[in-house]
Amino acid sequence: MRTLTDLSRSPVGPETPERPAAQTPARHAPAHDSATLHVTGRARYLDDQPAPADALHVAVGLSPTACGRLTQMNLDAVRRAPGVVDVITVVDIPGKTDVGPVFPGDPLLADAEVRYVGQPLFAVAATDFKAARRAVTLAEVEIDAQPARLDAVAAAEAEEWVRPPHVQQSGDWQQALAGATHVLEAEQFVGGQEHFYLEGQACLALPNEDDGVTVHTSSQHPSEVQKLIAEVLGVALHAVTVEVRRMGGGFGGKETQAAPWACLAALLARRTGRAIRLRLPRGDDMRATGKRHPFHNRYRLGVDAQGILLGGEITTIGDCGHSPDLSEAIVDRAMFHADNAYSLGDARVTGIPARTHNPSNTAFRGFGGPQGMMIVERAMDDIARHLGEDPLTIRKRNLYRPDRDVTHYGQHVEQTALLHEVVSRLETDSDYWARRDAIRTYNAQSTILKKGLALTPVKFGISFTAKHLNQAGALLHIYTDGSVMINHGGTEMGQGLHTKVGQVVARELGLDNSAVRITATRTDKVPNTSPTAASSGADLNGMAARNAAIQVRERLFDFAAEHFFQDQQFDREGMRLENGELVAGSGENGENERRIAWGELIQAAYLGRVSLSATGFYATPLIHYDRAAGQGRPFYYYAHGAAVSEVVVDTLSGEYRVTRVDILHDVGDSLNPAIDTGQVEGGFIQGMGWLTSEELKWDASGRLLSDGPATYKIPTIGDTPPDFRVSLLEGHPNSQASLYRSKAVGEPPFMLAISVWSALRDALSSLADYRVSPALDTPATPERVLFVAQALRQAAETKTPAETPQ
Amino acid sequence: MIEFYLNGEAQCCASLAPETSILELLRNELQRTGTKEGCASGDCGACTVAIGEPDRDGRLHYHSTNACITPAHQLQGRHLVTVEGLARGDALHPVQAAMVECHASQCGFCTPGIVMSLFTLHERQRQSPIALDDACLEATLGGNLCRCTGYRPIQKAARLMADQPDVRPAWADDPRLDNDVAALKNTLETTGYAIPSTLEALHALRRQYPAARLVAGATDLWLEATQRLEAFETLIDISRVAELQAIDETPDGWWIGASVTYARLEPLLDEFYPAFARLLRRLGSAQIRNRGTLGGNIANASPIGDTPPVLLALDAQLALEGPDGARELPLEAFFLDYKRTALEPGEFIRAIFLPRPESDPHLEVWKLSKRREDDISAVLGAFAWREENGCLRDVHLAFGGMDATPRRAQATEAALEGKAPDVATFDAARQALARDFKPLDDVRGSAAYRQLAAANLLERLRLTIDHDATQEVCLDAYAH
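Keeping their order, the protein sequence lines are chains B and L.
Going by full-length UniProt numbering, the residue at position 305 of the first sequence is 305; the numbering climbs one at a time, nothing skipped.
Going by full-length UniProt numbering, the residue at position 115 of the second sequence is 115; the numbering climbs one at a time, nothing skipped.
Heads up, a few of these hints could be off.
A short, non-exhaustive set of chain L residues, derived as facing chain B with CB atoms under 8 Å [what the hints assert, rightly or not]:
id, residue
1, 30
2, 87
3, 89
4, 91
5, 103
6, 229
7, 232
8, 234
These stretches of chain B come out as covered by chain L in the derived footprint (C-beta under 8 Å, 3 or more residues) [claimed, not checked]:
id, region
9, 70–83
10, 715–726
Quick caveat, the hints were computed from the structure, so don't treat them as lab data.
Virtual Cβ for every residue (Gly too), placed ideally from N, Cα, C.
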């Protein structure tokens, strides 16, 4: 196996800055490799796959109760319903009944205990989808309901946890508070978020001739689906093949939570011997699957007279739902990002994964990081109001800098200069201070409409915090016509991963992007893969693909030296592949230059019995984290960015508009600027939805009320800011030897949207002459904004402080 | 048997259940899977298709619709265009080419719907130039949710589609297509689904199938099929009954046929009631406005229907028809209780009378919702009044979302009637409003929010009437 260091030394590797970046294929911005298929309707999603005519369709019976004992489940009428072929409950599972991805706790079908509304109780296979769904409604289910625990704070106080709490601490936080000029404290509620991938959970299971299955699924983690299906069926992993061509959106919602449906489909396929289609209707999908964790955060922080943080404590309580799922790592990541881009000083950060009777909350773009950042961004605004300073001034004073560059978990922040440059360039480019003055003038004259402005930075750690997941594999074939097939462990959910990995292989082999084709992700091609998550898809799989390409390339150079240039004194180290040719020698040094066309080279290599196939591998270096100590270097590097948002708020109705957004984002040396820009823009809007209009509401019994797009409102085209200026930071390669010095881009831009929330607080604060820092829980719906405006107005009238953090 | 054209090819479909949607027909029966199901409730736009409908001259005009909640039987005599029908071999349609060029698809699942919405815009643009400003793009694409891109590249693609090579679909070459479609029957009576074209035929069908439900735009009824899995025994489709399609002008106003779509109403309202027209554009997506009808919005009797408060404020009347003959009824007398109306068994709404605006009329319509586009109201206030000698006259205030039915705020109206629009008057009105309504808590807003927001709309009204005020009092300038 080659290591990263070996790769970095290769001739066209990232250590050769003299090579003009713009001339390399990977710097181009080819369209998404499926773009033409998307726009013509030919791109096949799960439910578009053809299946045998006798395929069965599955619907799942869900619990109507949040907490209780299942006393009776009479499915006779279900079994007798027209079209029904098979009905299964937990007793029909031959192998393991728990499909918890990391820790146990997720029954595939409920046994005696019911733990959330929407929990799968039984599954029905019928000759068509409607027949299966109608049959489900005929079940007679009796549940001895018990009081549901739906409040995460109460759960945390009762020590109801899915995992033990975790602490990260640096220095003496109590002494820091004792020595502070000002001590401020506040708490906030940060709402959850429904993924609302446009393609819902879906799979297609085909029984094999032996005891196995082949399962097509819309999952970010095919290897885990494979493992769980094997465990549920009680067969070896080699009997199960899982394939993912593409997802119609994932965003974390298909990291663990695609697996149960695939397990049910696989089991029914084995039982009936027929192909099984399963897709969740939107309402079932929204009720049964976990979402972004809602968080309750608190801070108590001390600052000096300049508003610089000296230290203190931060507590984050995540509402994990009924089971661990990925919640330990998600609450950890909230803690890792409770500092965002600021040195906390001597601080203690505590994370509590609370257990409630909700669906098991799960991964969602940012993975707890956004929720963690919200508390320190609240603190920055609060400190500014307390001291009568502009929030940007306070933020800049607190940014990590060379003498304050170690996080509360002990990681050194390497690119502090870059962080400052991003903020100061955006401050200038967005004309922050002139607009600040204009807004103050406007607000002084306007009593109903109030404008707000905020700049917030992002520093986001890149790597899985579970160290073992930071590995990837790839499989590369060159066929005798010279066409190249690359397969890797990453999955395509729209983020352009396949396009980027194809670019990498094309670049290493000196070919046009069109010469390289990526096929569906399959567990029988590349085994034991990690989920496509943590923004790491291109970092890890691109490196593995590059590793495979370099191996084949080296073989080709060895072969060429023997076969073509035996009598010529070409420097083996000077050979290169470019523009569809192998080039040996150099015109510059007076040597002869020889060029062999790619097709001729491959034909000759095949006849010369050279292996034209390779497996590639990559493991991220340097990272470690000691969970017992709460210290380490969990992240290979950080990605940075900043955004300035301007809003206008109608303080009579609570309605608002985001009128302008400026973004400057750091992707190192971009692999594909078009795709990266798309990730930045899309991530920002998705984050804005999370903080503004996307409101999850439950009734008192734990039933989700916002269970469809009629009641759960993600942004529409009219919510895109009319003035939206997005730039990628140029000239700053990654300080670590990542893939061509690029940086991950999937998650970090999501948190740029915190600037919208902060701008809303800024607008509201104007109602109290910027002396009050209003609490504004999220999502900041018009209703929440109106109530805050009302409270501030009343307080201003009665001259009592509405909420001033002390 | 339904006869229609699909991407230029004649199709016949027999024996479809009445509740079959166009989406089910495409995906399950015809194996055309390019059109996607995202929500099956008409809220996401992933299933958007274009329906070509012949005008009086037999020329096809295309509009977008959500295939998931459009009855398959409504395809009778129409040309259905799906995402598979645009490219010409390997040559992409200008809409598709622009989407690729602008990197406007990521996961691609919403893309077919977006392509089809843009296709209808492109078709309209071929006929007459349209300014592709933000307002136009919102009006076209407000009902197409994309979870990946943030929409910016889609906006760009919409603006660049005119610059692409003018590739036409192969079916567009067929000069006979429009006539062939127009030559198909415009009526249908097949098992479980009837499309009459005259009021007389409708009456006959009502007598024949007294239990049959009426359907026009299906934008609400079809949720019973897709969400509650209802099977309909018989449906009578009133979307082609000539008398229900008419807009008859009288000296006093307009009789608007019950199955006139929102889209067809827009020009009339733009001219006479611009505040009402602006509301229509926020009432639902283009796909919904192309299908939904004024009659359906009233007969549905939802407390949060958007048009009833406006029509109440404007003193609208209803023409009803039933087995015992026709009658007229003020809209105010129509809503009895939650989803309960004054319709007698067998009776239906034939037309809605919209009075002509008197001299110096004022109408303001304000809708509050979590999201500005394609969302259901938390509160909707409609305010109509005249000013006479500095006093308010003929004050009509009606609210939606504040009670079990849309209704007028009588105490509040009384507090304003004949008074000068000053602070004291509106303070009294605000107190009266608290007596008028005791709103409910639900997913769209708490009772406290509704109460406060509705009262604050009165303050907005005062500031709007206040001729001396120069400051902005709502976000109109920041929205389209």
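Tested hints:
no., hint, verdict
1, 30, "violated (13 Å)"
2, 87, "holds (5 Å)"
3, 89, "violated (11 Å)"
4, 91, "violated (11 Å)"
5, 103, "holds (5 Å)"
6, 229, "holds (5 Å)"
7, 232, "violated (13 Å)"
8, 234, "violated (19 Å)"
9, 70–83, "violated (count 0)"
10, 715–726, "holds (count 9)"
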